[in-house]
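Trainee: Take the given structure of chain A and dock chain B to it, following the hints.
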Amino acid sequence: MSQVIKVGMADLNICLPPDTITTLGLGSCVGIVLYDPGKKISGMVHVMLPDSTKIKNNENIAKFADTGILELIKRMVAVGASRASLVAKIAGGAQMFAFKTNNDMLRVGGRNVEAVKQILNDLKIPILAEDTGENYGRTIVFDPKNGELMIKSVGKINKVI
Amino acid sequence: MEEVKLDHMDSIQFDVLKEIGNIGAGNATTALSKMLNVKVDMKVPKVDLLEFKELPDVIGGAENIVAGILLQLEGSIEGMMMFILEEDAAKKIIEMMMQGMGMKEEDMAGLEMSALKEVGNIIAGAYLSSLSTLTNMTITSSVPYLAMDMAGAILSVPAIEFGRISDNALLIETEFGDKDTEVSGYFILIPTLKSYAAILESLGL
Numbered sequence: 001m002s003q004v005i006k007v008g009m010a011d012l013n014i015c016l017p018p019d020t021i022t023t024l025g026l027g028s029c030v031g032i033v034l035y036d037p038g039k040k041i042s043g044m045v046h047v048m049l050p051d052s053t054k055i056k057n058n059e060n061i062a063k064f065a066d067t068g069i070l071e072l073i074k075r076m077v078a079v080g081a082s083r084a085s086l087v088a089k090i091a092g093g094a095q096m097f098a099f100k101t102n103n104d105m106l107r108v109g110g111r112n113v114e115a116v117k118q119i120l121n122d123l124k125i126p127i128l129a130e131d132t133g134e135n136y137g138r139t140i141v142f143d144p145k146n147g148e149l150m151i152k153s154v155g156k157i158n159k160v161i
Numbered sequence: 001m002e003e004v005k006l007d008h009m010d011s012i013q014f015d016v017l018k019e020i021g022n023i024g025a026g027n028a029t030t031a032l033s034k035m036l037n038v039k040v041d042m043k044v045p046k047v048d049l050l051e052f053k054e055l056p057d058v059i060g061g062a063e064n065i066v067a068g069i070l071l072q073l074e075g076s077i078e079g080m081m082m083f084i085l086e087e088d089a090a091k092k093i094i095e096m097m098m099q100g101m102g103m104k105e106e107d108m109a110g111l112e113m114s115a116l117k118e119v120g121n122i123i124a125g126a127y128l129s130s131l132s133t134l135t136n137m138t139i140t141s142s143v144p145y146l147a148m149d150m151a152g153a154i155l156s157v158p159a160i161e162f163g164r165i166s167d168n169a170l171l172i173e174t175e176f177g178d179k180d181t182e183v184s185g186y187f188i189l190i191p192t193l194k195s196y197a198a199i200l201e202s203l204g205l
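Protein chains in written order, with our numbering: chain A, 1 to 161; chain B, 1 to 205.
Same shape as in the complex, but just chain A (with noise of 0.2 Å):
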């Protein structure tokens, strides 16, 4: 019997088959898979702000992208998944209201874009595909048997990244 793992807003798991890593309703949070291909092992961490270090309340590291994709490495490392061979899919950092404003705090899906892709080029994970920004929700299923990240939106067509 195959599972659903779900991951909830700053949260993350780890997944293997025959199971799958979902996370509903992303706005401007940002839904970061890892994935190793050849030992097939995931995981996926629901980040809710960039940066740790800029905020004095830190004690949730999957809140966070710099120390929520660390812990996420950490735990997929711990089950077997091969550190060096892992590769990312992204998607979320939406805008979900059109804020009239220059207030950088507002821009926050842009920025947890931002901050994930740097994370993952200074940790050389590479990124496969990301479905990002934009002005919509998704919910996303990852499925480690193929790789195949599945994104559904409000309204629109499911598509595979």
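Hints were generated in silico from the structure; no laboratory data involved. Each hint should be verified, as a subset may be incorrect.
What the hints assert, rightly or not - Here are the simulated DSSO-like cross-link-like pairs (lysine-lysine), alpha carbons at most 27 Å apart as the crow flies:
| hint | chain 1 | residue 1 | chain 2 | residue 2 |
| --- | --- | --- | --- | --- |
| 1 | B | Lys194 | A | Lys54 |
| 2 | A | Lys117 | B | Lys39 |
| 3 | A | Lys74 | A | Lys156 |
| 4 | A | Lys54 | B | Lys53 |
| 5 | A | Lys159 | B | Lys34 |
| 6 | B | Lys34 | B | Lys91 |
| 7 | A | Lys40 | A | Lys54 |
| 8 | B | Lys91 | B | Lys194 |
| 9 | A | Lys152 | B | Lys34 |
| 10 | B | Lys92 | B | Lys53 |
| 11 | B | Lys34 | B | Lys117 |
| 12 | B | Lys117 | A | Lys152 |
| 13 | A | Lys156 | B | Lys92 |
| 14 | B | Lys53 | A | Lys74 |
| 15 | B | Lys53 | B | Lys18 |
| 16 | B | Lys91 | A | Lys156 |
As the list claims (entries may be wrong) - Stretch-level coverage of chain A by chain B, calculated; a stretch enters the list once three of its residues show a Cβ under 8 Å from a Cβ in chain B:
| hint | stretch |
| --- | --- |
| 17 | 19-27 |
| 18 | 119-133 |
Unchecked claim - Partial list, computed: chain A residues near chain B (C-beta under 10 Å):
| hint | residue |
| --- | --- |
| 19 | Leu49 |
| 20 | Thr53 |
| 21 | Lys63 |
| 22 | Ala78 |
| 23 | Val79 |
| 24 | Ala88 |
| 25 | Ala94 |
| 26 | Met96 |
| 27 | Phe97 |
| 28 | Ala98 |
| 29 | Gly110 |
| 30 | Tyr136 |
| 31 | Thr139 |
| 32 | Asn158 |
Beta carbons are placed, not taken as given, at the ideal position from N, Cα and C, and that holds for glycine.
Mentor: The following block gives chain B in isolation, referenced to the frame of chain A:
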């Protein structure tokens, strides 16, 4: 001003915040009911301290499609006010406001979005003005912003704001209507932590 500890609020503080939800949402529901000329019931407000991952469950699950109208609060109280309508309720309201204009309901563009935004503006205004009277504080709000999407995606915006200061979100939530009535949805008031202290202090707590 004493800092409010989200995890250690006493029952009096909870009751006061609940009463704020009661008065604010009461006024807003009356305004909504008058505008649409339908009966709208309101439930007892809840004050919830939630982990982020529990947040979307408050409004019917992360994938529940809702219309979210968001106003940023400025002045003595900072934070966000959200007025959330179930998808059907949003369509119903648009239909009622656009009677006889022969528009297709699935095409929620332009004029219809403006109409819905304006409804949100009036309703949220009723909520905020009663809050302002009660606390004797000046509360101003931004223009309304509207999005129609999955509840999780819409709630990510206030959640991220809260994420900067806490691992939990404290929200004053009032549900109105139910699945059987014509119009149902939620009012959610999410002041910043500092503003919670200000609200409580203004009421002598």
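Trainee: Each of the hints needs a verdict: does it hold here or not?
Mentor: Evaluation of the provided hints:
1. A C-alpha spacing of about 19 Å is found between Lys194 of chain B and Lys54 of chain A, which places the hinted pair at or below 27 Å, so the restraint holds.
2. Taken as a hint, the Lys117 of chain A and Lys39 of chain B pair is broken in the structure, with Cα atoms around 50 Å apart against an allowance of 27 Å.
3. A C-alpha spacing of about 35 Å is found between Lys74 of chain A and Lys156 of chain A, which places the hinted pair above 27 Å, so the restraint is violated.
4. Our distance criterion of 27 Å between C-alpha atoms is met by Lys54 of chain A and Lys53 of chain B, whose separation comes to about 22 Å.
5. As the CA atoms of Lys159 of chain A and Lys34 of chain B are separated by approximately 43 Å, the hinted pair breaks the 27 Å bound.
6. With a C-alpha separation of about 18 Å, the suggested pair Lys34 of chain B and Lys91 of chain B falls inside the 27 Å cut-off, and the hint holds.
7. Restraint check for Lys40 of chain A and Lys54 of chain A: the C-alpha separation of about 34 Å exceeds 27 Å, so the hint is violated.
8. With a CA separation close to 36 Å, the supplied pair Lys91 of chain B and Lys194 of chain B exceeds the 27 Å bound.
9. This hinted pair does not check out: Lys152 of chain A and Lys34 of chain B have alpha carbons roughly 38 Å apart, beyond 27 Å.
10. With a C-alpha separation of about 30 Å, the suggested pair Lys92 of chain B and Lys53 of chain B falls outside the 27 Å cut-off, and the hint is violated.
11. For the suggested pair Lys34 of chain B and Lys117 of chain B, the alpha carbons sit about 17 Å apart, so the restraint of at most 27 Å is met.
12. Using a Cα cut-off of 27 Å, the hinted pair Lys117 of chain B and Lys152 of chain A holds, with the two alpha carbons roughly 26 Å apart.
13. Annotation: proposed proximity of Lys156 of chain A to Lys92 of chain B holds, straight-line Cα distance about 23 Å (limit 27 Å).
14. Taking the CA atoms of Lys53 of chain B and Lys74 of chain A, the gap is near 22 Å; set against the 27 Å cutoff, the hint holds.
15. Between Lys53 of chain B and Lys18 of chain B the CA atoms are separated by roughly 23 Å; this keeps the pair inside 27 Å, and the hint holds.
16. Between the alpha carbons of Lys91 of chain B and Lys156 of chain A the distance comes to roughly 19 Å, so the proposed pair stays at or under 27 Å and holds.
17. Note: the stretch 19-27 of chain A has 4 residues with beta-carbon separation from chain B under 8 Å; the three-residue rule is met and the coverage holds.
18. Check result for the stretch 119-133 of chain A against chain B: violated, 0 residues qualifying (beta carbon to beta carbon below 8 Å, three or more required).
19. Residue-level restraint check for Leu49 of chain A holds (minimum Cβ-Cβ distance to chain B is 5 Å; threshold 10 Å).
20. Using the Cβ-Cβ criterion of 10 Å, the hint placing Thr53 of chain A at the interface with chain B is not satisfied: the shortest such distance is roughly 13 Å.
21. For Lys63 of chain A, the interface hint holds, the least distance from its beta-carbon to any beta-carbon of chain B being 6 Å, beneath 10 Å.
22. Restraint check, Ala78 of chain A versus chain B: the minimum CB separation of about 22 Å is more than 10 Å; hint violated.
23. With a cut of 10 Å, the hint placing Val79 of chain A at the interface with chain B is violated, because the nearest CB-to-CB distance is about 22 Å.
24. For Ala88 of chain A, the suggested interface contact is broken, since its CB lies about 21 Å from the closest CB of chain B, more than 10 Å.
25. Below 10 Å, beta-carbon pairs count as interface contacts, and Ala94 of chain A has one with chain B at about 7 Å; its hint therefore holds.
26. About 5 Å separates the beta-carbon of Met96 of chain A from the nearest beta-carbon of chain B, less than 10 Å, and the hint is met.
27. A cut of 10 Å between beta carbons decides the hint on Phe97 of chain A: the least distance to chain B is about 4 Å, and the hint holds.
28. Taking 10 Å as the C-beta contact cut-off toward chain B, the hint placing Ala98 of chain A at the interface holds, the least distance being around 6 Å.
29. Given hint, Gly110 of chain A at the interface with chain B, is violated; its Cβ is 12 Å from that chain's nearest Cβ, farther than 10 Å.
30. Using the Cβ-Cβ criterion of 10 Å, the hint placing Tyr136 of chain A at the interface with chain B is satisfied: the shortest such distance is roughly 6 Å.
31. Because the beta carbon of Thr139 of chain A sits about 6 Å from the nearest beta carbon in chain B, less than 10 Å, this interface hint is met.
32. For Asn158 of chain A, the interface hint is violated, since its Cβ never comes within 10 Å of a Cβ in chain B; the closest pair sits about 13 Å apart.
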